[in-house]
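Chain by chain, the residues:
Protein chains: 2
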Amino acid sequence: MPTNHLRANGERFWDTIEASAKVGPGIAGGLRRLALSDSDREIRDLFRQWCEAAGCTVTVDQMGSMFARRAGREDLPPVMVGSHLDTQIAGGRYDGIVGVLAGLEIIRTLNDQGITTKRPIEVVNWTNEEGARFQPPMVAAGVFAGVYDLDWGLARPTRDPGPNEGATLGEELQRIGYAGAEQVGGREVDSYFELHIEQGPELDRIGVDVGVVTGGYAVRGMLIRIKGETAHTGPTPMEKRKNALVGAARMIVAADDLGWDYAGSDGKVTAARLTVSPNLAGILSDHAELSLDLRHPDPAKADEMLTELERRIAQAARRSQVEYEVIERWVFGDEYFDPDCIDRVRSAAAELGVSHQDMLSQAGHDAYHMASKYPTAMVFSPCGDGITHNEAENTSLAAQLPAVDVLLNAVVSRAER
Amino acid sequence: MPTNHLRANGERFWDTIEASAKVGPGIAGGLRRLALSDSDREIRDLFRQWCEAAGCTVTVDQMGSMFARRAGREDLPPVMVGSHLDTQIAGGRYDGIVGVLAGLEIIRTLNDQGITTKRPIEVVNWTNEEGARFQPPMVAAGVFAGVYDLDWGLARPTRDPGPNEGATLGEELQRIGYAGAEQVGGREVDSYFELHIEQGPELDRIGVDVGVVTGGYAVRGMLIRIKGETAHTGPTPMEKRKNALVGAARMIVAADDLGWDYAGSDGKVTAARLTVSPNLAGILSDHAELSLDLRHPDPAKADEMLTELERRIAQAARRSQVEYEVIERWVFGDEYFDPDCIDRVRSAAAELGVSHQDMLSQAGHDAYHMASKYPTAMVFSPCGDGITHNEAENTSLAAQLPAVDVLLNAVVSRAER
Chain A
12 MPTNHLRANG
22 ERFWDTIEAS
32 AKVGPGIAGG
42 LRRLALSDSD
52 REIRDLFRQW
62 CEAAGCTVTV
72 DQMGSMFARR
82 AGREDLPPVM
92 VGSHLDTQIA
102 GGRYDGIVGV
112 LAGLEIIRTL
122 NDQGITTKRP
132 IEVVNWTNEE
142 GARFQPPMVA
152 AGVFAGVYDL
162 DWGLARPTRD
172 PGPNEGATLG
182 EELQRIGYAG
192 AEQVGGREVD
202 SYFELHIEQG
212 PELDRIGVDV
222 GVVTGGYAVR
232 GMLIRIKGET
242 AHTGPTPMEK
252 RKNALVGAAR
262 MIVAADDLGW
272 DYAGSDGKVT
282 AARLTVSPNL
292 AGILSDHAEL
302 SLDLRHPDPA
312 KADEMLTELE
322 RRIAQAARRS
332 QVEYEVIERW
342 VFGDEYFDPD
352 CIDRVRSAAA
362 ELGVSHQDML
372 SQAGHDAYHM
382 ASKYPTAMVF
392 SPCGDGITHN
402 EAENTSLAAQ
412 LPAVDVLLNA
422 VVSRAER
Chain B
12 MPTNHLRANG
22 ERFWDTIEAS
32 AKVGPGIAGG
42 LRRLALSDSD
52 REIRDLFRQW
62 CEAAGCTVTV
72 DQMGSMFARR
82 AGREDLPPVM
92 VGSHLDTQIA
102 GGRYDGIVGV
112 LAGLEIIRTL
122 NDQGITTKRP
132 IEVVNWTNEE
142 GARFQPPMVA
152 AGVFAGVYDL
162 DWGLARPTRD
172 PGPNEGATLG
182 EELQRIGYAG
192 AEQVGGREVD
202 SYFELHIEQG
212 PELDRIGVDV
222 GVVTGGYAVR
232 GMLIRIKGET
242 AHTGPTPMEK
252 RKNALVGAAR
262 MIVAADDLGW
272 DYAGSDGKVT
282 AARLTVSPNL
292 AGILSDHAEL
302 SLDLRHPDPA
312 KADEMLTELE
322 RRIAQAARRS
332 QVEYEVIERW
342 VFGDEYFDPD
352 CIDRVRSAAA
362 ELGVSHQDML
372 SQAGHDAYHM
382 ASKYPTAMVF
392 SPCGDGITHN
402 EAENTSLAAQ
412 LPAVDVLLNA
422 VVSRAER
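Residue numbers (this note's numbering), protein chains in the order written: chain A, 12 to 428; chain B, 12 to 428.
Be a bit skeptical, because a hint or two may be false.
Pulled a few chain B residues facing chain A out of the computed Cβ check, cut under 8 Å [stated by the list, open to error]:
#	residue
1	ALA64
2	ALA65
3	THR247
4	GLU250
5	ALA282
6	ALA283
7	PRO289
Between beta-carbon pairs, the in silico distance windows are [to be verified]:
#	chain 1	residue 1	chain 2	residue 2	range
8	A	LYS33	B	GLU321	56 to 62 Å
9	A	ALA39	B	ARG236	48 to 54 Å
10	B	LYS384	A	ALA39	35 to 41 Å
11	A	ARG216	B	THR179	49 to 55 Å
12	A	ALA39	B	ILE338	19 to 25 Å
13	A	THR127	B	PRO248	19 to 25 Å
14	A	LYS384	B	GLU176	43 to 49 Å
15	B	GLY188	A	THR286	32 to 38 Å
16	A	THR286	B	ILE338	50 to 56 Å
17	A	PRO350	B	ILE338	42 to 48 Å
18	B	ARG236	A	THR127	56 to 62 Å
Hint data in this document are derived by calculation from the structure and do not stem from the laboratory.
Cβ atoms here follow ideal geometry from the backbone N, Cα and C, with glycine treated the same way.
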């Protein structure tokens, strides 16, 4: 079996990427294809048609994740390959999408070559990876891997104003016709591979084609509830103020300063979301909710940053005369991928003559959850200037094709195991 | 004519305050009676009934402000007395309300005593003083005094999610039946008097019954639009981040620090309202709008603070790598009330044997706009612990009655002029 040196059909792959980019157009050529929106339904329908036309059997699980199965020579646990087709509110055309459609391209290439692998291959489209409408992100892969309960996953509410505000993930799955019947997870999976744009500037900067992802940056996050006291914005003396907005601002600045303190070793701290109430002219706010997270390539350093962040948050609260409590915490990253799967990615790149380099993922991915239960690896492709979660996300077929070929050969080699 | 030493009927006044407190109940005994809401209509209907029962003629102008006129012996320009019946989102039972209902109590007391003043007296309820639903606050008094155009006032949109979001002030006036026919302002007014709770702790702290308000703190405010860039919260290096939320937070902290720098001379700086978009997990925000204001008893110091605030805002923006522009500015306070009107308040207090002290107002009031065109004065009554714009706003008849009596005698003395 000539399992190595397979080559994908680049033109067909890119045509499919461009067909996807017509569904759910956002601003300035980007996409706004929020999970379980009408445009998500549209791309799901299209993905299903493409997979069925390529001879796959498509099933949908109770979390709405889609699995397009190409049978193997033997009825063994499948090699899975995929990512997500949903986008951020002002998202690009490639984040997640490249990974799913590269999976489809693997199927099509195997069809062209008349190859049937030993193990089945399943191309996956995970529900709600982005978390733009439903928190947390990567929830469906998390339920699949047993990290979250199914009932909890289905009960996630939409968090932001807009159509169907307050509807649950389960209700929105029903609405768009993707509340599948298949049990979530609970079956044997041989391995999971995910190709994703890097979402960082490194590959683009150093001119390397493929990142062999060995694991993830350690991430520690928290949601903080801040309690102040309403009062008139005018006469209330500074020393009597308990303005929740000022409390949140002091925490954000403390967090950002900490990020700069660790920037030299590639640490980062982010304030992504703040809600304040009543948030009106004339009145000091008594309530705020703030999410903060930090990342570092070294889990021990991440823990050190977390300790320091908590110290500075307490200080910011005292300085602002507000009270607070941490009402949610999350930890991810710290995942180190499977040596055999990583090695198949690295070997495929070497054999294809594709320039490559080991790296850690900085963003969260469905692969993190999968790695907690199944042998997993990731392939990174370059991302123009590192810009992502922005409509200006940019890349080209020439930049993506080497990574698609690496994924193809790594997946096929594992499927022959 | 025994115009001095009149005494209001305290029990009746307080019964009316309590009847008002049943309309639009908020949390914990407070009120939530937002301008032009259904409960605002309800209190307006009640106020009209009370005034008509007291023999007044009630007219409504095109901004919805209500004028209950008690005829004088001569058809001269009236002495106006009033405030507002709308509240903050989590407001109290007294802010504004005490001033309008003290005006009504003046009419009732004059009826009891069979006194007809030389000039007419008009009790006013100004539309949307608080600005909780429509910005700016004090908009109807502003139109009355010619500070704003009528069309602009009617076109103010609701700013916050809720019933009838996006409706204009004019549409909401129509909806509740208070789009009056009378021209706004443009007629002669002898003078304007307003009784208001102090909204600060001073009278309560020093045990003085009445504040003789000689003018207002100087206020300088601005609405800042901050422009960042969306990017992934994870991999984006600190040095590439242009997070609008961090930019806003650094401006808020700079503003709050400035407030503390001037706290010794009773300066204050406030961040009251911040909106951020897209404000989602996973993405750095590219847009924020922040309102800041500062106050100082000395206009020259307020200008000095403003210069320093602008310097620090520019610094905060540079530090956060965001751009910004000031899209709105406002200046108020700097108003010094009319010597004759002030003197009538001071004399009334002295003759009644009520303890009193000159002071400046720190909050904005409808009286500020009126003072720009007509002889004006204000009377402050104590406010328990200085708490206001909070459901815990607290006072008693014993604390309010001296101020009501002072207002009564000052207004009647001016109406005899």
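A quick look at each hint next to the structure:
{"no.": "1", "hint": "ALA64", "result": "violated, 33 Å"}
{"no.": "2", "hint": "ALA65", "result": "violated, 31 Å"}
{"no.": "3", "hint": "THR247", "result": "holds, 7 Å"}
{"no.": "4", "hint": "GLU250", "result": "holds, 7 Å"}
{"no.": "5", "hint": "ALA282", "result": "holds, 5 Å"}
{"no.": "6", "hint": "ALA283", "result": "holds, 5 Å"}
{"no.": "7", "hint": "PRO289", "result": "holds, 5 Å"}
{"no.": "8", "hint": "LYS33(A) x GLU321(B): 56 to 62 Å", "result": "violated, 47 Å"}
{"no.": "9", "hint": "ALA39(A) x ARG236(B): 48 to 54 Å", "result": "violated, 19 Å"}
{"no.": "10", "hint": "LYS384(B) x ALA39(A): 35 to 41 Å", "result": "violated, 49 Å"}
{"no.": "11", "hint": "ARG216(A) x THR179(B): 49 to 55 Å", "result": "holds, 51 Å"}
{"no.": "12", "hint": "ALA39(A) x ILE338(B): 19 to 25 Å", "result": "holds, 23 Å"}
{"no.": "13", "hint": "THR127(A) x PRO248(B): 19 to 25 Å", "result": "violated, 45 Å"}
{"no.": "14", "hint": "LYS384(A) x GLU176(B): 43 to 49 Å", "result": "holds, 45 Å"}
{"no.": "15", "hint": "GLY188(B) x THR286(A): 32 to 38 Å", "result": "holds, 35 Å"}
{"no.": "16", "hint": "THR286(A) x ILE338(B): 50 to 56 Å", "result": "violated, 22 Å"}
{"no.": "17", "hint": "PRO350(A) x ILE338(B): 42 to 48 Å", "result": "violated, 56 Å"}
{"no.": "18", "hint": "ARG236(B) x THR127(A): 56 to 62 Å", "result": "holds, 59 Å"}
Figure legend: structure checked against the earlier numbered hints; hints not met, in rising order: 1, 2, 8, 9, 10, 13, 16, 17.
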